[in-house]
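Starting from the two chains in their separate frames, assemble the complex, guided by the hints.
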Amino acid sequence: MHRDFNRLLDAVVRIDVREVSYDSGVKLFSAGVGSGVIMSADGLVLTNAHVASPKAVEISVTLASLERVGATLVGWDHWTDLALLRLDLEETKRRRLAFTHAKFADSDRLYPGQIVFAVGTPHGLTRTVTRGIISNNRRYFQDNTGVRGYETGAFNTWLQTDAAINPGNSGGPLVTENGSVVGISSRGYLGANNLGFAIPANIARRVLDGLSRDGVIIRSYIGVVPGALRDFEGFYSLALNTGMLINSVDPGSPAAAAGLRGGDILLEIDGQNVDGRFPEQLPPIENAIASLAVGSTVTLKIKRGSETKDYSMATERLESQVGEEWAFEKWGLTVRKVSRAYARANQLSDATGVIVLGVQPGFPAAVAGLSRGDIITSINQVKITSLDLAKEAHASYEVRPGPILVEAQRNFRMSLYVLKP
Amino acid sequence: MTSVLILLAGLPRSATDKSSALRRLWRAVACFGVLTFLLNAAVAADLRELWKDRLKSVVAVEFFTESELDRRPTVTNGVVADDQGLIIVQAGAMNPRFAPDQFKDFRVYLPGEPPQRFWSAVYLGQDVLSGWHFLRVVEDMRPFLAPITRFVADRSQNSDSVQIAQRVWGIGLRGKDEDFMPYFLEAPIGLIQTLPQRSAICLDDITAPGLPVFDEKGAFAGLGIAGFGQTYMQFSQRDRGGAAVVMVNIGETSAFLLAAEVLPYLGRIPTDIFGRPVPWLGAHGLQPIDPEVLTFLKLDSGCVVSEVLAGSPAEKAGMKDRDMIVAIDGKPLPRLKPDRVVVAYVQREISRRRPGDGVALAVQRGNERLDFQVTLVEEPKMAREASRSYFERLGFTAREFVYADGVGRRAPVAEHTGVVAHFVKANSPAATAGLGMDDWIKEIDGIPVATYADAAAQLSAIEKDLARVEAVLLIRRGGETQVLRIKLK
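Chains as they are written, first to last, in the numbering used here: chain X, 1 to 421; chain B, 1001 to 1489.
No wet-lab data here; the hints were simulated from the structure.
Careful: at least some of the hints might be erroneous.
Claimed, not checked - Straight line, CA to CA, 27 Å or less: simulated DSSO-like cross-link-like pairs of lysine-lysine:
| # | chain 1 | residue 1 | chain 2 | residue 2 |
| --- | --- | --- | --- | --- |
| 1 | X | K309 | B | K1442 |
| 2 | B | K1442 | X | K420 |
| 3 | B | K1442 | X | K330 |
Unchecked claim - Reference excerpt, derived from the structure (chain X facing chain B, CB under 8 Å, subset only):
| # | residue |
| --- | --- |
| 4 | F232 |
| 5 | G263 |
| 6 | R344 |
| 7 | Q347 |
| 8 | F363 |
| 9 | A366 |
| 10 | A368 |
| 11 | F412 |
| 12 | S415 |
Backbone N, C-alpha and C fix where the C-beta goes; we use that ideal spot for every residue, glycine too.
Bound conformation, chain B alone (with noise of 0.2 Å):
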């Protein structure tokens, strides 16, 4: 019975791809509701087929995430990119508050293979615009994988290479202590949206995040993408009305990014750990325009600006606070929903440029449109990229303070001095003082922090002087400060 289903499923595609004798054939034994098990097997067979080629682009990775007190694995998905071992893990997967100098001992493991054996990598940064993460396995293992590009057909590169209701399969990894067995998914497409990369939603889960999805023939129809929350109601005995909570598969995912969405930006291979170089505008918190108040404006589309940063390209263009930005080099932006995925549309505008590059902002400001060409600079040091360092006997990490630091603690760039706690160890001296993560320090032992650079020594020089007794933070948070005494003795 379910092989007719998925057969009479598979109706409309197979009337669109008229090329394949084959499939006409599906579709005239599926209209007389046949059941041929024959024709199952060939199905199966052929997807088996296309299966064991392609689980080769498909390995686990894991890495060590080291902090001041432990050294944590992480196990995630990665999709192979290149011949010379190149791999790709999603965003999300790495902790953006630490640096990446943090992250330690990439393995690389073969789906189905036992974890014993494995193979390292070197680890490449992240790509600013796709926020890929990229790895280079080393060179044993690369005959052992395959690159997506391999499966790639002449229509994986249009733009919209699967259509709704078209079947999709992909590949889910199980756990380390499963070996990371390779497990089959498949479901029709229920959805392609613009959020603003062309993304597909199928039926029911596809694959897991960073791993690519394929179609029937077993071209790469694109990546898995984090998944949607859905909503259930929660009922139980003791609450009988029912709660609304939203959950989320984090192992597996409906949705993924269109090939074409995905094809293009494998080659940003970063060439620094950081990422750099990395554009920046300065145009801070960006907000959409509810549909509303685009009529009210009478606007197409467009985004507001909540905050012109100081020293920003932005506020250099002469661009102001609550500005709107309706059009970037002459395009307006276009009409995307939901409503704030707007946002990300502006934010990959600027992404996708370089430091250098010109960018010409149409805005509204009240009832005046205005033109500003803005040249984009590097974006300022970022706090991945600043220099820590953790003091044992105090209990507390020093971070030096970034200009995104500043912009958080709603700071004026003059007032940008200080080190950042980035960490507190629990009832530690500083702990126990009430040093908190995320506290700015501004003076230590009653002197200005001037750099990051004297508070490490003077820092230092407390740690190593055992004969000292206490050390006292002016620390702000909020916009308090606060003087916290830290008893050494």
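So here's chain X without its partners, still in its complex pose (with noise of 0.2 Å):
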């Protein structure tokens, strides 16, 4: 083997999260088990969203040499399903621990049918090495629930490899014969032989260098749906390999508020022609406008039916359709806030309320009938507009508990209870 691809193997870790869970009604910790890379002398490890998330209560990073050390999490970015940790250098430093750092290689020079291997801790087994080639150097995949909830793969495409990558492989590197990163494992399909996807070398760079100078990527959003072109030119009239199809515009958007509608074609971004007659040509179209500086002024060039007009908005800080989450003990209660984009999604009139996502058998929530999924929008008819509000409600019920009046939606319909203590 390549000088460098050991060198790389010195840099590749296996990560252990301990983790804080909403689901059931009351906060529960439970453990996952991950791989992750080291990218620079000061200890900033790489791996996925999916294994590290604001959630983990506790970070430890299995060297090469198996010696166990601490870690925080920098900050993640499920859309690209990356995670930033930061070793604890303190700790390396008095434990006299070394380690290695891995670099990254251009992952646009990748073709079909490179050798390339998977590095990782599938099914928790340390450092496992699997060999395997680039199947497909530009998938495109976007999944709304894909990262635990949360939305991934609106912004890039994926490397697709037949390098067998199974669960915990997640987060470790997809490398070349000498041992350069060209890729962060991610996912396969299950049930499915040798399908698995990483996310390419030249997104993990920008989204490493984000988060370790911001903690976090911010993206700007109009509320654009796009759809792919493909041969529709003739319908729309368009030249080949022009515009891109709007498939829906979100309600209550920026680009809905601009006057965009589902139909339309989008010719150009600030001047910038566009062409989305495929799929994997969206995410650098979407990209282009997440890219931009939020509240900055965008102007689309759009075609409607013989009629091309430009159409200015201002973007928006792009949020998630999952909202922050919260424990209420003495109710047995766990709940997300309905964010913006959820409301948007679900044709909620406006992101009042937050969402049940667990009740514990026995507690007042449990007894007064609420249940998964019901949205609360009051609590004793105070308009729970922030998840704050909720928390002041649960704060005075826990210095002096009392019945209180929680008005909630299901489906649409509202219902009223009493919780009791």
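So this is what it looks like as structure tokens:
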């Protein structure tokens, strides 16, 4: 094997995460195992967002030397399924633990058929190397609940490989024979043979830079849902390889306010031509919009029927459908805030309320009849426009327990509940 | 032994009905525990006579539901309601997704007669209050029939003509392959409940949904309603834990509406096949209120209005989402069990009125008590009244978009344009393009659909144009739109 490949092996780590879960009406802890790769001399570890998320309460990293060391989450980005950890450098120094770091290669230069290796911890089997080829270097898939309920895949294409990728490989590197990181292994098709996917290194590099600098990746949102134009150019009287179909416009979004509609054709973004003929071409277009500064004005050239017109709109900050989660212990109730994106996707009139994730049997919320999926819109006749308002109500209940009136909706049907101590 | 048990069970009933000397004698016999074959025979003979007569008020009904692709028969039960061949069929017998003109070829059969012999009937429509479908059978059959009104005793009119523990009997019908053979069912009443109609639940199946129940003297006691689900534990070799399954006997039922909930409504014969007039309040998503909540709010009973519909009388009167209706025309909502029955109560109170009628609603809003005087109007066009046509080459049925479609899709009235894909043929060009049942078609070939007529004209032009290669639809599903391309060649 190449000398640098052995060096890469010293940069691959196993990651054990203990994290909190709000799914069952009570705050519970669960444990998971994944992989990661050290990318800098100062201990930055790249892994998957579905391995280490803000729900993690304890992260420990097993180095190539089999020594374990603590780490903290620097930031995560579920859209690209990447998370960045930092090793506890004081600890490594104190214990004189050595590690090396890997380097990126240019993932745009990969070609189908090229030999690659996946390194990681499949099913907890530390330091497993599997070999395969790049099966496709530009695979498109978008999944609105792909990273543990969070959206993923809108802004990047993926590398597909037949190197065996199993649960636990997640976050480990996909490398070439000389040990350069060309991708971060992310997922495989369950029940399929050797259909594995990785985030390309060129995306990972940008996300790593952004997370190490800001702790977060901020993107812009205007609210258009793209569609591949394929061979629609005849129907829309377009030149070949021009334009992107707008399948849908989110209600209440900047694009909707500007007058865009489903069925419109996007020709230009701020004067730049757009070619969205095939699904693989959509992520770069979405990324072009997402990369704009939040609040900046973007001008879209739109073709509708025979008419072509410019539409300008200010971008909003992109947010997830998954809002902040919380546990109200005295009520036996766990909730998630309704986000603006969730409200839009579910035809709610606004982002008021918290969604019930779980109720604990025998506790006030369960006894009153609340159940998973209900949206609590008011507590004691106070409209729950923020999670803090619900926390306040719970705090005063903790001080002085007494019956509280909860209004909730299920399938747009309004019901009332009394939570009693 | 069986007859002893029956007589003993009949004891409380006999005690209340002292008019019959014969019954008193039975009681004496039963008390002494003496088994008398003679008496047993007398009871049976009596019932057999009653049975023979009352069988004439029972028929089997068959009709065909014509869809885009096929024609399917449905067999159900009917009860004879007058001397003019009026037959009533239960609400659930007909799928509301179909328009009345899709129900064809109504046939009426006599129980126990070969099914080669039947009489045709005309479908008159569905009554909004009772939910019943009304048919009128041809004159030739009428001599073989006897309306249930012929078996009405004075006591049938009373609010509770039968009592708990009283034995009642009914008629069941076998299937068409068994000549709709009638059979005898009998059971004591276990419970009488307000649901919100007075309904009796027997200890065993007593009749079929839509067929009559009689008391021991042969007086009409009520009409069978769809059965209640019963929970069973299902064990199997693989699943030793056992899973709870709810089972419903669809052929028979232990529940029936008391006569007083049936007789006043037999005359509600629809004058319009769509059941018009249909009164409309526009208070949508009625929900019961939990007893704990009622106590908390210091209310006796009530019903939450989830949504006040745009343009409805409720909205015009000033009602708002989340208002709680507590009284109708000054009459507080009764406390009914189970809780959800109150919703049916409010709906019935509206349905029994006519468009143009006023109704006074007392409403709790927050800590305020408000009174609204609402004038009901005709319900907006219903799906069953909507125009529709099937486009064979494209492979789907376009149906006019009606008000209720907008409510279900949470669309403001201003957006109520377009047509609904009411049916999509499997593997057709439309289905292959991704069109689904109930998708909302907003644009056809890039042209926004203004009216149903426009859409129908446009779609039929597409169908006729054999040189056409494709058609493009903009559809809306949930809150999202999508462009679909239907390949015709």
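Against the earlier hints, flag every one the structure doesn't satisfy and list their numbers going up. 2, 3, 8, 9
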